[in-house]
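Trainee: Sequence:
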Amino acid sequence: MRKRAILCLLAAALLVCSLCGCGARADARVLKIAVLGDPATFYPSYQEGILRAERELNQEYAADGYQVVCEFYNNSDNYTYEETTAIVDALAADPAVTAVIGPIDMEIGRTAAHVLDAAGKVFVSPNFLYDDVYENHYHTVFSLCYSAQAVGATLKLAASVLSPGRRWAVAAASTPFEQDEIHGFLHQETKEAVTVVDCVSISDLEVDFQRVYRRWEALGVEGVVLFPAADEGFELLKALKRENPDLLCGGDTAFDNTDLLEKDPELTQAMDGFILVSEFAMHEATPEENERVTALKDEYLQETGLVMDDWYLQGYNAVRAIADTAIRNQTTDPLQIAQSLHTDGYHGLTQDFAFDADGRQKVRNYQFGVLDQEGWMQMVMIQLPEVAE
1 MRKRAILCLL AAALLVCSLC GCGARADARV LKIAVLGDPA TFYPSYQEGI
51 LRAERELNQE YAADGYQVVC EFYNNSDNYT YEETTAIVDA LAADPAVTAV
101 IGPIDMEIGR TAAHVLDAAG KVFVSPNFLY DDVYENHYHT VFSLCYSAQA
151 VGATLKLAAS VLSPGRRWAV AAASTPFEQD EIHGFLHQET KEAVTVVDCV
201 SISDLEVDFQ RVYRRWEALG VEGVVLFPAA DEGFELLKAL KRENPDLLCG
251 GDTAFDNTDL LEKDPELTQA MDGFILVSEF AMHEATPEEN ERVTALKDEY
301 LQETGLVMDD WYLQGYNAVR AIADTAIRNQ TTDPLQIAQS LHTDGYHGLT
351 QDFAFDADGR QKVRNYQFGV LDQEGWMQMV MIQLPEVAE
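Numbering follows this note's numbering, with no gaps: position 141 of the sequence shown is 141.
Don't read these hints as lab results, they were simulated from the structure. Where is the CB? At the ideal position from N, CA and C, for every residue including glycine. Fair warning: there could be bad hints in the mix.
Stated by the list, open to error - For lysine-lysine, the following DSS-like pairs were computed, each having C-alpha atoms within a straight-line distance of at most 30 Å:
#	residue 1	residue 2
1	K297	K32
2	K362	K191
3	K238	K263
4	K362	K32
5	K263	K297
6	K362	K297
Claimed, not checked - So the derived label-pair ranges between C-beta atoms look like this:
#	residue 1	residue 2	range
7	R292	Q330	23 to 29 Å
8	V307	D372	16 to 22 Å
9	T195	D264	27 to 33 Å
Hey, can you work out the whole structure from these sequences and the hints?
Mentor: The following block contains the structure:
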C-alpha cells in the first residue's frame with residue numbers, strides 16, 4: 001500500500017505542476033536521465049558506471065552551462081508490473097525528463113518503449129529488447145545489445161569458424177526471445193558447412209534427457225546449442241558432458257555466471273571449450289582505451305574490493321551516448337537527440353553503437369568467447385554479413 005500511495009502522490013504532483021504551469025518546460029541546459037532498475041539487483045558495478053559518467057560529464061561541460069542529472073527508480077524486481085509502469089507513465093509525463101535508461105526486465109522494456117516513444121522521450125535499453133519491439137518502428141527507442149536473431153546468427157558463425165562440418169542439435173526455451181535466437185541460428189548462412197540435425201525444446205531435454213540424447217547419438221550430433229530462459233542450462237550442460245566430454249557446446253549470456261562457476265568445479269570443467277556469445281557492441285580497443293579501462297578497474301577494485309565487470313561500461317556508455325549526443329548538438333530535445341543517434345550512432349569506450357531506423361544494433365563486429373578449464377575466456381571478434389531483419 002505504501003508503494004502505491006507514493007506513486008499516487010507522484011502522479012498528483014505532476015498533475016498539479018502541469019495545471020499551475022510549474023515544470024511546463026524543461027531547463028534548456030539540464031539533461032535529466034531517469035534510470036529504471038532496482039539497485040539491489042543491478043549487475044555488479046553497473047550503477048557505478050552510470051554515476052561515473054554523470055560526474056565526468058558535469059566536469060567536462062560545466063563551462064558550457066550544461067548539467068547532467070541521473071535519477072534512479074526501482075523496477076519490477078520489487079514492484080509489480082502495474083507499479084513499475086505507473087513510474088514509466090509518470091516519467092513520460094514529466095517535461096523535465098529527456099531520456100530514460102531501461103531496466104533488465106524485457107517485459108517492462110516492451111511497455112516502456114511504447115509509452116516513452118509516444119511521449120517523445122529517448123528510451124535506451126542497456127539490455128536486450130524483444131525482437132518484435134523493433135517491428136513497431138519507434139523513433140526514440142534504442143537497444144545497446146544485439147537482437148535475439150543476431151545472437152543466434154553470431155553463434156552459427158562461431159560454430160562455422162571453430163568447428164566446420166560438425167553436426168549440431170539445438171535446444172531452446174519456448175519463450176519469445178529464445179525462439180528468435182533459434183531463428184537466427186537456423187537461418188544464418190555460413191561459408192563453412194554447419195549442419196543442424198535436430199531441434200528440441202529445453203523442457204523436453206529436461207524431462208526426457210536420455211531419450212533425446214540417445215537420438216542425438218544416433219544422428220551423430222557433435223555439437224549442441226542451448227538457449228535456456230534462465231539457469232536450467234547449467235544442469236543440462238553438465239549432463240551432456242557426462243555423456244560425452246568431447247561434445248562441443250555453446251549458448252548465450254544465460255551461461256555468463258562467474259559466481260556459479262567458482263562454486264561448481266564440475267560446471268567449470270563442463271564449460272571448457274564452451275562458445276559464449278556476447279550481447280555487447282564491442283570494438284577492438286585502442287591501447288589508450290585499454291589503459292583507461294585498466295585504470296577504471298583498478299580504481300573500482302580499490303574503492304569496493306570487487307572486480308569491475310562489463311556492465312560498468314554498459315551503464316557508463318548508455319549515459320554518455322545520450323549526454324554527449326545532446327550537448328554536441330546543443331539540445332536537450334529528445335527528438336533531436338534520437339535523430340542524431342540514428343544518423344551518427346555513438347563511439348563509446350570500447351563499444352560502438354550504430355542503430356537502424358528502428359533502434360536495432362547494426363554493428364557487424366560481433367564478439368564471442370571460448371572458455372578454458374580455468375574459467376577464463378578468450379575473446380574472438382568476427383565481421384558478420386547482414387543479419388536478416
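Trainee: List in ascending order the numbers of the hints, as given earlier, that are violated by the structure.
Mentor: none
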